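Undergrad: These are the residues of each chain, in order.
Number of protein chains: 4
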Amino acid sequence: MVKVGIVGATGYTGVELLRLLARHPQADLRAITSRAEAGVPVAALFPNLRGAIDLAFSDPKDTRLTGCDVVFFATPNGVCMQQARELLDAGVRVIDLAADFRIRDVPTWESWYKMKHACPELVADAVYGLPELYRQKIRHARLVANPGCYPTAVQLGFLPLVEAGRVDLASLIADAKSGVSGAGRKAEVHTLFSEAGDNFKAYAVPGHRHLPEIAQGLSAMAGRDVAPVFVPHLTPMIRGIHATLYARLNGSVDLQGLYEQRYAAEPFVDVMPSGSHPETRSVRAANTCRIAVHRPQDRDTVVVLSVIDNLVKGAAGQAVQNMNIMFDLPEAIALDALAVLP
Amino acid sequence: MVKVGIVGATGYTGVELLRLLARHPQADLRAITSRAEAGVPVAALFPNLRGAIDLAFSDPKDTRLTGCDVVFFATPNGVCMQQARELLDAGVRVIDLAADFRIRDVPTWESWYKMKHACPELVADAVYGLPELYRQKIRHARLVANPGCYPTAVQLGFLPLVEAGRVDLASLIADAKSGVSGAGRKAEVHTLFSEAGDNFKAYAVPGHRHLPEIAQGLSAMAGRDVAPVFVPHLTPMIRGIHATLYARLNGSVDLQGLYEQRYAAEPFVDVMPSGSHPETRSVRAANTCRIAVHRPQDRDTVVVLSVIDNLVKGAAGQAVQNMNIMFDLPEAIALDALAVLP
Amino acid sequence: MVKVGIVGATGYTGVELLRLLARHPQADLRAITSRAEAGVPVAALFPNLRGAIDLAFSDPKDTRLTGCDVVFFATPNGVCMQQARELLDAGVRVIDLAADFRIRDVPTWESWYKMKHACPELVADAVYGLPELYRQKIRHARLVANPGCYPTAVQLGFLPLVEAGRVDLASLIADAKSGVSGAGRKAEVHTLFSEAGDNFKAYAVPGHRHLPEIAQGLSAMAGRDVAPVFVPHLTPMIRGIHATLYARLNGSVDLQGLYEQRYAAEPFVDVMPSGSHPETRSVRAANTCRIAVHRPQDRDTVVVLSVIDNLVKGAAGQAVQNMNIMFDLPEAIALDALAVLP
Amino acid sequence: MVKVGIVGATGYTGVELLRLLARHPQADLRAITSRAEAGVPVAALFPNLRGAIDLAFSDPKDTRLTGCDVVFFATPNGVCMQQARELLDAGVRVIDLAADFRIRDVPTWESWYKMKHACPELVADAVYGLPELYRQKIRHARLVANPGCYPTAVQLGFLPLVEAGRVDLASLIADAKSGVSGAGRKAEVHTLFSEAGDNFKAYAVPGHRHLPEIAQGLSAMAGRDVAPVFVPHLTPMIRGIHATLYARLNGSVDLQGLYEQRYAAEPFVDVMPSGSHPETRSVRAANTCRIAVHRPQDRDTVVVLSVIDNLVKGAAGQAVQNMNIMFDLPEAIALDALAVLP
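Note that the protein sequences, when read in sequence, are chains A, B, C and D. This note's numbering applies: residue 170 is where the first sequence begins, and numbers increase by one. This note's numbering applies: residue 170 is where the second sequence begins, and numbers increase by one. This note's numbering applies: residue 170 is where the third sequence begins, and numbers increase by one. This note's numbering applies: residue 170 is where the fourth sequence begins, and numbers increase by one.
Chain A on its own, in the form it takes in the complex (with noise of 0.2 Å):
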């Protein structure tokens, strides 16, 4: 059993965690911290938890973390690299949901993050938890940084052309739409049913965070600068992100089979048949990131069409599925529900 501590947990990427790690048989749920609802059920907060988890968030003050094998941060930005350093030091693995460790150049996150960096000298540590590109140094990781919603359905979307060297690097575009359970569950106006109910619109047009982190991971994989196109957008559904990617092929390619090559041992990425268009529900609750590749009319532009759940393989399925290699479990475990569908 690993003894798991989690640190936040009274957002959705938290509940969600709490979802997957209740029913997961190698999982022993130590504690759940919160200053805000130190004394709190956990299942008074979230009654879908009623009768599984019996824990009450405890105060960080009062909760002796080192004992665990593995911490998740499933906290604002900025509250993991304040804790990250002891928690390493008593020898505990830490998997942080938010985007602390995921940038390799300290200022610029700093930049984009609007803070200073506390622990710069851990960064180069922390390995990006991305399986599908990663997954050999998770396994050894101490400190993994959980990717963002949106990168992940961005990356995992242009993998396969991008690594095989298929398209002009400077026509990357990646217009991306995100259910409302992306922007968390703070109380602000903008995401307020009466707002984002029946209304689409794009956001953040000049610069979003997770720019910043697609182009690093873009970059990673084609071995020299990418700078994308990224426009975000929130569509009036709770969960899903669907990112639309269109990239100009510098050749002449067998789209179809080149993904399904990429992907074919992976367990959570599907690439759909020719000529599908995957939805945002076939994988609602699910790990799954499933993708279609288009060529419309024959002309030069692909068009990829990528889903994941922004909870799950975008946040809190991907984090369990990062603890489950790195723990040398069954990637799988826990991982394996079928996606919610009506």
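If you're looking for bench data, these hints aren't it; they were derived computationally from the structure. Fair warning: this is a prediction, and the values are worked out from it, not measured in the lab. Hints may contain errors.
According to the in silico footprint, chain D covers these stretches of chain B (three or more CB under 8 Å from chain D) [as the list claims (entries may be wrong)]: (1) 356-362; (2) 365-371.
Just some of the chain D residues that point at chain C, by a computed CB distance under 10 Å [to be verified]: (3) A207; (4) A454; (5) P511.
Between beta-carbon pairs, the in silico distance windows are [stated by the list, open to error]: (6) P245(B) with T277(A): 52 to 62 Å; (7) D337(C) with K230(D): 53 to 63 Å; (8) R204(A) with E435(B): 33 to 43 Å; (9) D231(C) with S443(D): 24 to 34 Å; (10) D467(A) with A501(B): 47 to 57 Å.
Every residue, glycine too, gets a C-beta built ideally from N, C-alpha and C.
Assemble chains B, C and D onto chain A, guided by the hints.
TA: Showing chains B, C and D alone in chain A's frame:
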């Protein structure tokens, strides 16, 4: 392993049954028949099942179901009654998710369902599949009539009060609200997104088919005829039923204690703490009924709030629960997934 | 031209009031005050008003409202009672869209609204702004208490039965369902899209502030104390209230005729044909209340279905209707737009 | 008064046309024909029209439309081309809200619409009803082809750039998202609430019928062949189109100034301030197209955001705008209602 066949399964109760059975460790899914979709892989119609169910729909004419241990009918009303006799004679147990065997009085059934019953002689043998009332009979049943969605929520909500004789039986009102999936996966104008979305309405106020089923159930609990008022509504969500129940108390009673005691041993009924307001999403995709009981302003009207997922405890989940009981399996096998929230 | 001022207007009743007044040929909009948004153009906060309203929110301290003919308060509860005296003394007429003057019994108001009333001496002078009951008084009113959204739908639904003495007054139940905009444009967790979406729940079953308002209204109609049961619910749509009303008849009555006669001369109450089920979208963005009356199975319980748009007939539209009456304008001016369907 | 007839009008563009014309002071609605609904009062099908439109649908066989000044076709594709000749010969002007006369190259039309054109000789006479491009021709048109919804949003978004020759014409990408009402009021499975709700998908990526219309429009602006990439998506809202447009700039340009100048005199195109993100709800039920233009990170790709209500500026509203132009009425008559927000 229980050898399982399914007739129908191209609708929402069908895909939900498949989602549950695909992960049921004791179910060996042998055949899924559909005239309309014969030859189509199940996962082509329902992409959430990709990688989990390799079967294609088979033509009923070419499919021998008599080798199964149990056959589920996830069909429109009027199909099971045509085929039950042959299966039962072959020793196959049958669970009908439609209404053919729910009403014990055949003329009543015929008048509400506007068709002649094809095998009235089987009706008396059928067991009404509400485990909280009929678990022992279900264990030995050859033919189970799986309850309707509204009747499940309403009966479980009224049960403790009516069994205990605590309410004026002439005062029962069930104001019920259903998600749109309750209307099925038929192409109809009134359940289009643009008709049912951002909209709320009552329907079938003069009389709904679930009324005689509810009346029969309450009458059985009370030991005498009960004729409740039942008003269903359509609410713009996909899954979920919320029943708001009203009754006049006929004396003083510890309501919270009454409910907690009645359901103490029930694995799928959760009596929430006093003062609670159960949300439908707290049972989304789970086989749970959550109930709260109120007595506003300490007056003589009790208000019971009862929520289920209409496709799970209100249909496919309850059907699997019945199968588990019938085959002496642990009752919660394949039914312990937590609700998906948000 | 009527010189109009608005206090508040940064919420949903406010933007709706602006939408209606911007196209009101007799309204001369002079000032819109808001402490929080002072200096911000109204159309920057509400882009649907771009090109139609050029005013910016002004600081209350710098804004002289005493030159107006009428001032609307689209503010939280407790604001109008602080400022009404000064405006009234200056000869300005006041319409409060909040609750400060709705309850005639001040101690009752103070206990439900948890604050001390700032000008109890004005309460008796205020006229309750439900034109279908108090049109003549409204005509001469100095201070109008615009009704709450639930109370509008519930009172209009019960009115013909209660006025005519046709029902057992001890049997009244109002099961009401509201769209999320009824909770306002405040940043709160429970009205986030990801909380209220695809979800249904009752709330405030032990007691909601609109209960004493409804009780007061029904009591006035009946000529004696009436204490209804009132259960509000939150439904995942933006606008709309659907009230399902139950009462026991105390004799035989032509229900359809009773309703049609009572509302024959009312421009904004539409009694639908016998057997109808009004939908909330049939009044979306319109000032109409649509009502249908049923007597299921010819038993002794009458079921009334009453729908309004909570922001129009339940708030801003009714306020403009009251203004039209107060200033001897045609009652339907600026209120004749048809409902937006779908 | 303009004598108006409507053919069809049982769908969403139809009810929207009726909503607008019912409040049009210069429109005299003479007849609304429908084979399927003949004899049914229009307000029985669309309750939002109760009290405003007293007509019933009439059988086309019994209805003389040749006495009208103008006839709108709110019908499926392929109907108007059967009846236009007779009406035009009788001196009646025709506005087709379907696609029969949108594509000037008849073989192209026939290959995309999978039918033989019934009156190819009229195609050249038809005027494409996009007032921002063809206002003068519309004024004198006998036959107006009202543009499609996607083409309206996409063309208005690209227009200033393409007219001014500011972009690489080989680089145009239109990633468009539509509300579900765009699919019409037909009973189909994929637009059911339970299918389209809480879900997002691309569709018709290999080729959508609006692609040749968009290509024709952009080519006319550019003066040479343009072949954009066009990817439509279905988003879970009722009304609204959001087009996100990408193009590579071929030099430096004052984008904001370019757009503001081009649309300075247009009553129904609103260029928002620099940095804006237009929301679809800001045009809900209004005849407005709102546009914002971005150049992220000052790189060479321009991103244009263009929103309309698909049923208004994308269909019925634009049709009324065309009628107003054709009959020398003020262009905004019956079209000045503000968008409904929230």
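Undergrad: Now look at each hint and say whether the structure bears it out.
TA: Outcome of the hint check:
no.	hint	in the structure
1	356-362	holds (count 6)
2	365-371	holds (count 3)
3	A207	violated, 20 Å
4	A454	holds, 5 Å
5	P511	holds, 5 Å
6	P245(B) with T277(A): 52 to 62 Å	holds, 59 Å
7	D337(C) with K230(D): 53 to 63 Å	holds, 55 Å
8	R204(A) with E435(B): 33 to 43 Å	holds, 37 Å
9	D231(C) with S443(D): 24 to 34 Å	holds, 29 Å
10	D467(A) with A501(B): 47 to 57 Å	holds, 53 Å
This entry does not satisfy hint 3, going by the numbered hints stated previously; all others are met.
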